[in-house]
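Chemist: With the hints as constraints, model all of the structure from the sequences given.
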Amino acid sequence: MKKIVICLFFVIALASTGLKAQTQLYLQYAFDKTLSVACIIDYRLEDDMTLDVTMLQAKDDASWDRLVADFNVAALPQNLLQSLADGNEVVLTHYGMKNHPQTPAVAKGDSVDVNNSCFMGIEYREKTIWVFHYSTPEQLDYLQGKLGLYAMEDCGKGVGIGDMFFCMNRESDEEQGLLKSFFDKK
Amino acid sequence: MESNRQITSEEDVRKLIHSGQWSQHRKRVVRRVVAAGVAVVALPLATIGLLRQDGLGASSSGPMVASVETPMSVHAPQEQPQQVEPAVKNRAHNTTVIAKNAEPRQETAVLDSETQPASAQPPQEFAMASEQPQVERPDILAEFQETEYSMIVWNDYSEADTIVDRLNHFLIKKGV
Chain A
1 MKKIVICLFF VIALASTGLK AQTQLYLQYA FDKTLSVACI IDYRLEDDMT
51 LDVTMLQAKD DASWDRLVAD FNVAALPQNL LQSLADGNEV VLTHYGMKNH
101 PQTPAVAKGD SVDVNNSCFM GIEYREKTIW VFHYSTPEQL DYLQGKLGLY
151 AMEDCGKGVG IGDMFFCMNR ESDEEQGLLK SFFDKK
Chain B
1 MESNRQITSE EDVRKLIHSG QWSQHRKRVV RRVVAAGVAV VALPLATIGL
51 LRQDGLGASS SGPMVASVET PMSVHAPQEQ PQQVEPAVKN RAHNTTVIAK
101 NAEPRQETAV LDSETQPASA QPPQEFAMAS EQPQVERPDI LAEFQETEYS
151 MIVWNDYSEA DTIVDRLNHF LIKKGV
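Top to bottom, those sequences are chains A and B.
For the first sequence, the working numbering assigns the number 186 to the last residue and increments by one with no breaks.
For the second sequence, the working numbering assigns the number 176 to the last residue and increments by one with no breaks.
Please note: incorrect hints may appear among the correct ones.
Unchecked claim - Taking lysine to any residue and the SDA-like style, the derived pairs with C-alpha atoms no more than 20 Å apart in a straight line are:
no., chain 1, residue 1, chain 2, residue 2
1, A, Lys33, A, Ala69
2, A, Lys59, A, Asp70
3, A, Lys127, B, Lys27
4, A, Lys127, B, Thr162
5, A, Lys127, B, Asn168
6, A, Lys59, A, Asn72
7, A, Lys127, A, Asn72
8, A, Lys59, A, Phe31
9, A, Lys127, B, Arg166
10, A, Lys127, A, Asp32
11, A, Lys59, B, Ser19
12, A, Lys59, B, Asp156
13, A, Lys33, B, Thr162
14, B, Lys27, B, Gly37
15, A, Lys127, B, Asp156
16, A, Lys127, A, Asp65
17, A, Lys59, B, Thr162
18, A, Lys59, B, Arg166
19, B, Lys15, B, Arg26
20, A, Lys59, A, Met49
21, A, Lys33, B, Arg26
22, A, Lys33, A, Lys59
23, A, Lys127, B, His169
24, B, Lys27, B, Leu16
Read the hints as simulated data drawn from the structure, not as lab findings.
Modeler: Structure (structure tokens):
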């Protein structure tokens, strides 16, 4: 009963802010004690641009495996993850459906519906998924520029919207080779 | 011997009355009834007491200590209060923080910057607000230092401070 009351309180609080998909996503995972879940409302990207962001971080490998399955996140080869030096991170970004971001990502070549899609960034080392709930073309452009395009440059891969992007900082030649090898298979 | 004979008929009663032993017989009968009653009540109580001494009941004194102090009851790890409840932070108004902490505390702290009691500890998010994420591009970090948001909802109080910093770091890192 106590939980129901608390949950109801936050539903009302979130609903009052006009949230929809964000609320659903947050509440879907908020009571999972193996996850750290946060919803940032009106996160300011630029002076006149804000964005709602949901963070889901797994606290252990088991919960991370569940998240990966829920969000259809591609699993990286173990040798690549193990070869990462300190400070390096592999990030996968892709699009999902706004109301159901855990559904399979938008396939390559599919047009991205601004009104019904979200952009996700996955940090493997941190076991974290960032869901960016954009709602305008400007927000999408920003995310593509901030996340997608830079990631493509890093990987030297000219892939289009809807594909998956990787970003790795200071990768070694060996890591770069593993990354490209995995990426080419996609 | 007289007192032990069987009283089975009305004639036996008359003989007892005439001999003056009737009152003694009644006392003897009453004593036997009382003894039987005490036995009926005491036997179950004694049985229960023995069972409790064997560790099947709750007790913590006398010889029961050894059986109670088993690894199951004493050294078993206490279940940690891992369940956390969602919390809401509203920085737009920068006034109200509603945080529901771990279950055993059984309390909901409603802290207001204007009405916060003197005894209340400052919320962790304010204490940590000055910490900056470790990034390689301080020039890009400066771009995000004025980042604002209207509200954060989170389910893990211990992680709440770093959420925005981590998001800033994530976006900056991707921009490198």
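Chemist: Starting from the hint list further up, note which numbers the structure goes against and sort them upward.
Modeler: Checked against the structure, the hints that fail are numbers 3, 11, 20 and 21, while the rest are satisfied.
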